[in-house]
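For the sequence shown, numbering that gives the first Met the number 0 gives the first residue as 0, with consecutive numbering after it.
Hints are computed from structural coordinates only; laboratory data are not their basis.
Cβ atoms here follow ideal geometry from the backbone N, Cα and C, with glycine treated the same way.
Do not rely on the hints blindly, as some may be mistaken.
With a cut-off of at most 25 Å between alpha-carbon atoms, the simulated SDA-like pairs for lysine to any residue come out as follows [as the list claims (entries may be wrong)]:
no.	residue 1	residue 2
1	Lys53	Asp11
2	Lys53	Asn98
3	Lys4	Pro137
Beta-carbon label-pair distances, calculated as ranges [as the list claims (entries may be wrong)]:
no.	residue 1	residue 2	range
4	Asp11	Ala75	32 to 40 Å
5	Ala75	Asn179	50 to 58 Å
6	Tyr27	Arg134	26 to 34 Å
7	Glu135	Gly111	32 to 40 Å
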Amino acid sequence: MEKHKCGWCLGDDLYESYHDKEWGKPVYDDQTLFEFLILETMQAGLSWITILKKRDNYFDALDQFDIEKIAAYDQAKQDELLQNAGIIRNKLKVKSIINNAQLFIEIQKEYGSFSKYIWAYVDGKPIKNTVQNYRESPANTPLSDQISKDLKKRGFKFVGSTIMYAFMQATGMVNDHEVNCFRYDEV
0 MEKHKCGWCL GDDLYESYHD KEWGKPVYDD QTLFEFLILE TMQAGLSWIT
50 ILKKRDNYFD ALDQFDIEKI AAYDQAKQDE LLQNAGIIRN KLKVKSIINN
100 AQLFIEIQKE YGSFSKYIWA YVDGKPIKNT VQNYRESPAN TPLSDQISKD
150 LKKRGFKFVG STIMYAFMQA TGMVNDHEVN CFRYDEV
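Could you put the whole structure together from the sequences, leaning on the hints where they help?
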């Protein structure tokens with residue numbers, strides 16, 4: 000018998016694999032949190048499948064999402080990224096990758112880790128929602144508004160409330176799997 004999955008991922012092997020293995024699984028590792036932050040910010044104005052299809056290209060282009068290396072990128076590296084057809088070649092987004100890496104490091108210094116900072120918003124454990132149909136999931140919440148506001152105050156770019164809610168879903172801060180999805184209780 001086939002397992003029930005959230006409706007949003009059906010019909011695309013890449014989407015289904017991402018759903019089955021990653022989406023909504025709590026992430027506490029700073030390196031992975033950084034990767035998701037970058038990927039979610041790149042999604043602004045685009046579909047998530049577009050970013051997923053480019054994920055490996057981002058991994059290669061951004062030194063395996065090495066935070067320290069990215070924070071030190073110079074203009075030559077920015078120009079190289081803007082010529083890379085495998086990623087989103089938007090000047091503001093490319094600049095934001097570097098900016099956000101630098102600020103991510105500042106949060107790590109202040110809190111001991113980005114994980115401690117971001118997970119404090121949910122007291123260290125996922126919020127378990129009861130979504131019947133993925134279309135019922137909110138695009139943002141008062142909590143994602145709050146996180147977005149704080150990150151923007153710190154100087155982060157492309158961290159609007161909708162992007163931050165998607166980040167919260169992806170990293171398991173909220174469980175928005177449909178209640179009859181096989182992953183709902185697993186994550």
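These are the hints, each one checked on the structure:
Between Lys53 and Asp11, the direct Cα distance comes to roughly 15 Å. Compliance with the 25 Å bound is thereby established for this hinted pair. Annotation: proposed proximity of Lys53 to Asn98 holds, straight-line Cα distance about 21 Å (limit 25 Å). The straight-line distance between the Cα atoms of Lys4 and Pro137 is roughly 18 Å, inside the 25 Å bound, and the hint therefore holds. Checking the proposed 32 to 40 Å range against Asp11 and Ala75 shows it holds: the Cβ atoms sit about 36 Å from each other.
A beta carbon spacing of about 51 Å between Ala75 and Asn179 agrees with the range 50 to 58 Å that was offered as a hint. In this structure, Tyr27 and Arg134 meet the distance hint of 26 to 34 Å, their C-beta atoms being roughly 29 Å apart. Separated by about 36 Å at the C-beta atoms, Glu135 and Gly111 satisfy the suggested range of 32 to 40 Å.
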